[in-house]
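Colleague: Construct the complete structure from the given sequences, taking the supplied hints into account.
Number of protein chains: 2
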Amino acid sequence: MLHVNENYARIKPTYLFAEISSRVAEHQKSGNAERIIRLGIGDVTEPLAPAVTAAMHKAVDDEAGRENFHGYGPEQGYQFLRDKIAEIDFAARGVDIKPNEILVSDGAKCDCGNIQELFSNDVKVAVTDPVYPVYVDTNVMAGRHDITLLRCGKENGFVPSPSSCDADIVYLCFPNNPTGAVATKAQLQEWVDWANAGKRLIIFDAAYEAFIRTDSIPHSIFECSGARTCAIEMRSYSKTAGFTGVRCGYTVVPSELCAYAADGTSVSLKAMWTRRQTTKFNGASYITQRGAEAIYSPEGMEQTKSTIDFYLENARLVREALASLGYEAFGGVDSPYVWVDVKGPSWDFFDRLLKEANVVTTPGAGFGAAGEGFIRISAFNSRENVLEAIDRISRVL
Amino acid sequence: MLHVNENYARIKPTYLFAEISSRVAEHQKSGNAERIIRLGIGDVTEPLAPAVTAAMHKAVDDEAGRENFHGYGPEQGYQFLRDKIAEIDFAARGVDIKPNEILVSDGAKCDCGNIQELFSNDVKVAVTDPVYPVYVDTNVMAGRHDITLLRCGKENGFVPSPSSCDADIVYLCFPNNPTGAVATKAQLQEWVDWANAGKRLIIFDAAYEAFIRTDSIPHSIFECSGARTCAIEMRSYSKTAGFTGVRCGYTVVPSELCAYAADGTSVSLKAMWTRRQTTKFNGASYITQRGAEAIYSPEGMEQTKSTIDFYLENARLVREALASLGYEAFGGVDSPYVWVDVKGPSWDFFDRLLKEANVVTTPGAGFGAAGEGFIRISAFNSRENVLEAIDRISRVL
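Line by line, the protein sequences give chains A and B. Heads up: the first sequence begins at 132 in my numbering, then just goes up one per residue. Heads up: the second sequence begins at 132 in my numbering, then just goes up one per residue.
Since the hints were derived computationally from the structure, they do not count as laboratory data. Keep in mind that the hints are not guaranteed to be accurate.
Copies of the same chain look alike in the list, so a pair counts if it fits in one copy or across any two.
Here are the computed lysine-lysine pairs in the DSBU-like style, where the Cα-Cα straight-line distance is at most 35 Å [unchecked claim]:
1. Lys330 <-> Lys143
2. Lys160 <-> Lys143
3. Lys215 <-> Lys189
4. Lys255 <-> Lys316
5. Lys474 <-> Lys486
6. Lys401 <-> Lys189
7. Lys474 <-> Lys316
8. Lys229 <-> Lys316
9. Lys401 <-> Lys143
10. Lys401 <-> Lys486
11. Lys189 <-> Lys160
12. Lys436 <-> Lys316
13. Lys316 <-> Lys215
14. Lys285 <-> Lys330
15. Lys143 <-> Lys229
16. Lys143 <-> Lys255
17. Lys401 <-> Lys255
18. Lys160 <-> Lys401
19. Lys215 <-> Lys160
20. Lys160 <-> Lys229
21. Lys436 <-> Lys189
The structure displayed is predicted, hence computed values, not measured ones.
Modeller: Structure representation (structure tokens):
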């Protein structure tokens with residue numbers, strides 16, 4: 132008989148953002164809704180950089196003729212893109228990552244979700260609480276139900292310490308989604324030392340790296356000494372360059388990084404991830420990869436930086452407005468997310484802002500128990516909408 | 132300790148096409164190579180249809196401004212595309228598939244690889260031999276090592292019968308890769324009846340559906356009566372519309388299709404696949420989906436049909452040339468692949484064509500034991516190259 136994977140029954144049937152959509156839809160049906168301003172899901176609103184769209188037009192033209200037509204590309208990504216990534220995201224910051232240690236994909240969500248396939252079902256997994264749900268759900272779907280939660284609250288500045296963590300794999304995301312917290316180099320180094328000491332792995336999600344403006348904050352786990360033997364890093368162009376609808380990201384797996392067979396033999400994780408990707412994936416779109424390459428042109432870098440500066444200014448406005456209303460607001464400095472202590476249940480506060488201010492946020496409780504009492508406000512919107520949302524919120528609170 | 136998924140060690144370390152590439156590279160290094168003509172991997176060579184590139188240019192322009200910017204789309208695909216698929220790929224052929232039973236993805240390879248996640252590790256899987264390796268490798272990677280092989284040879288016209296098959300899941304691909312064989316409606320109906328009788332599932336890969344020209348051959352498993360309760364179908368724009376580098380396909384999961392929990396409870400597979408995709412995938416590129424939509428415009432349909440006709444004429448030329456040289460050649464009628472009985476070991480024949488004719492084919496043995504003694508010749512190339520390849524092969528054989 133056709134038996135299902137019963138682990139699917141152990142994940143919550145609705146995804147956080149589906150619940151939010153349904154509450155928003157219900158509010159709109161109530162007839163009391165003004166124009167809704169969405170500071171919830173964290174989708175970008177600003178257009179792609181002109182350098183990127185120019186490159187994509189050219190790539191579409193390539194696909195329109197026999198001469199420059201590109202069919203199947205390398206599953207690992209085109210060399211032209213991997214070279215740029217190695218040079219500009221890593222070498223330019225003094226980090227030695229080779230192009231062949233970079234595997235391009237159709238987005239960090241896929242990579243974050245798929246990476247757990249490389250490991251035995253008996254590995255112990257730890258995540259932060261609050262957490263981006265994908266790390267948890269994809270492990271539960273694979274049969275790993277006993278996941279350690281590392282509490283992140285005001286008491287530790289939303290950055291957990293490895294001191295009492297006995298997991299084999301930890302997922303860390305900095306700048307953090309949802310809290311907007313960043314980790315210092317010393318804090319990340321502690322995790323790297325912990326991982327190396329116990330043959331453990333850090334899965335480092337650096338999707339929001341481009342928002343870092345504070346000089347001392349590391350952009351990559353590979354800025355820490357020893358990270359090449361204990362870390363995998365994911366990057367995304369979704370927030371960096373507005374690629375949420377275009378779909379591109381990459382994963383870095385250093386050549387010397389290993390995991391272990393039951394008999395103790397070491398196994399290259401780069402070889403395993405390459406095998407996973409070449410077997411189950413067929414590369415990111417050529418047009419997308421040409422667009423991503425253009426992010427690294429001088430104009431592309433200037434244009435994407437300017438869009439991120441714009442979102443960061445939105446974040447500053449939100450953070451300062453909430454603070455002036457008497458709420459403790461975290462994040463929003465090296466991050467597009469402001470994490471607000473709402474002094475009560477987060478879904479109640481969410482409903483209040485939705486119903487009274489017609490502003491959509493994300494309730495912290497949706498990211499885990501330790502998110503209870505907070506909401507996440509995203510800086511992804513036009514200046515006009517952000518100012519209007521601040522104005523409405525100020526009138527309500 | 133960080134234990135690996137040891138199932139990865141049970142798949143062959145190199146993928147068929149990697150082995151071919153390495154033999155080609157070695158031949159080129161030998162200094163004896165003329166210009167190589169590739170009739171191997173099955174990648175398309177003709178450009179995208181003008182209707183498609185026009186739609187993609189427009190979509191890039193959408194992404195270049197705030198007004199029509201598209202960020203995160205539905206993970207299941209945009210409604211505009213799902214509606215067209217339901218209407219033109221199904222309703223127009225008398226098949227009732229609803230748009231909400233269609234999940235758009237970045238390609239059939241991903242869907243074929245990921246679908247097995249929905250099932251328990253104890254389900255019994257059957258595949259044809261020869262077979263597209265992805266069905267096997269992805270099951271082995273998940274821990275299903277004991278896979279039943281359904282021999283496809285001249286004796287059964289390369290279409291297996293379900294009579295002695297006791298698997299829970301069977302992967303069927305028609306028009307077939309690699310043999311180019313098609314299944315009649317009666318043959319598929321036998322499989323559907325077998326599946327329904329035993330609460331089994333057919334995973335039907337219809338990636339080459341657009342090559343069918345014989346009226347009586349079904350384009351979809353859902354043309355068979357009862358298929359809605361026992362089948363999932365995958366489609367791809369890779370060969371249909373030259374999207375190998377653009378990446379788009381879709382999977383059809385009927386609403387009433389179920390699998391079973393250990394206690395016998397039925398579970399909707401559409402709900403499970405939706406959960407899988409919303410958790411681990413973030414939708415196909417907006418630009419890609421706009422391109423795919425344009426395939427269904429009157430011009431798009433005419434243009435893509437004309438390209439497929441062109442490849443089919445290539446296939447005819449190859450098939451007839453091989454036949455006139457005294458080789459039994461199969462397929463190549465409703466399929467871009469010609470499957471040739473080479474009267475000896477297929478890797479030897481591959482090497483001979485590579486070294487003496489500088490033509491790359493695919494050795495049948497690479498698709499399974501029953502592929503030994505055959506080679507696959509692909510019709511994906513320019514007319515000039517196909518004629519030149521035929522000429523060279525004729526001089527060698």
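Colleague: Would you mind marking each hint as holding or not holding in the structure?
Modeller: Quick rundown of the hints versus the structure:
Proximity of Lys330 and Lys143 under a CA criterion of 35 Å is satisfied in both settings, with 32 Å inside one chain copy and 27 Å between copies. For the identical chains of this complex, Lys160 and Lys143 are intra-copy neighbours only, at 26 Å inside a copy versus 56 Å across copies, given an alpha-carbon limit of 35 Å. Taking CA atoms no more than 35 Å apart as the test, Lys215 paired with Lys189 passes in both settings, with 18 Å inside one copy and 27 Å between copies. Proximity of Lys255 to Lys316 under the C-alpha cut-off of 35 Å is restricted to the intra-copy arrangement: shortest distance 25 Å within a copy versus 49 Å between copies.
Within a single copy, Lys474 and Lys486 get their C-alpha atoms as close as 18 Å, which meets the 35 Å cut-off; across copies the closest is 76 Å, which misses it. For the homomeric pair Lys401 and Lys189, the shortest alpha-carbon distance inside one copy (32 Å) is at most 35 Å, but the shortest distance between copies (38 Å) is not. Taking identical chains as interchangeable, the C-alpha atoms of Lys474 and Lys316 lie at most 35 Å apart only when both belong to the same chain, with a minimum of 31 Å there against 65 Å between chains. For a Cα distance limit of 35 Å, the shortest separation of Lys229 from Lys316 inside one copy, 22 Å, qualifies, whereas the shortest one across copies, 52 Å, does not.
Taking the shortest Cα distances, Lys401 and Lys143 sit within 35 Å of each other both inside one copy (32 Å) and across copies (16 Å). In the homo-oligomer, the alpha carbons of Lys401 and Lys486 lie at most 35 Å apart only across protomers (33 Å), although the nearest pairing inside one protomer, at 49 Å, exceeds that limit. Taking the shortest alpha-carbon separations for Lys189 and Lys160, only the inter-copy value of 33 Å comes in at or below 35 Å, while the best intra-copy value is 44 Å. Proximity of Lys436 to Lys316 under the C-alpha cut-off of 35 Å is restricted to the intra-copy arrangement: shortest distance 23 Å within a copy versus 57 Å between copies.
When the C-alpha separation of Lys316 and Lys215 is checked against a cutoff of 35 Å, the pair qualifies only within one copy, where the shortest distance is 25 Å, while the shortest distance between copies is 51 Å. In this assembly of identical chains, Lys285 and Lys330 lie within 35 Å of each other by CA distance solely inside one copy; the values are 30 Å within and 53 Å between copies. Taking the shortest alpha-carbon separations for Lys143 and Lys229, only the inter-copy value of 26 Å comes in at or below 35 Å, while the best intra-copy value is 39 Å. Taking the shortest alpha-carbon separations for Lys143 and Lys255, both the intra-copy value of 21 Å and the inter-copy value of 28 Å come in at or below 35 Å.
Within a single copy, Lys401 and Lys255 get their C-alpha atoms as close as 21 Å, and across copies as close as 30 Å, so both meet the 35 Å cut-off. In this homomeric assembly, Lys160 and Lys401 come within 35 Å of each other (Cα to Cα) only across copies, at 28 Å, whereas the closest approach inside a single copy is 50 Å. Taking the shortest Cα distances, Lys215 and Lys160 sit within 35 Å of each other only across copies (29 Å), while inside one copy they are farther apart (48 Å). In this assembly of identical chains, Lys160 and Lys229 lie within 35 Å of each other by CA distance solely across copies; the values are 26 Å between and 53 Å within a copy.
Taking the closest pair of Cα atoms, Lys436 and Lys189 come within 35 Å of each other both inside a single copy (23 Å) and across two copies (25 Å).
Violation of the numbered hints given earlier is absent; every hint is satisfied by the structure.
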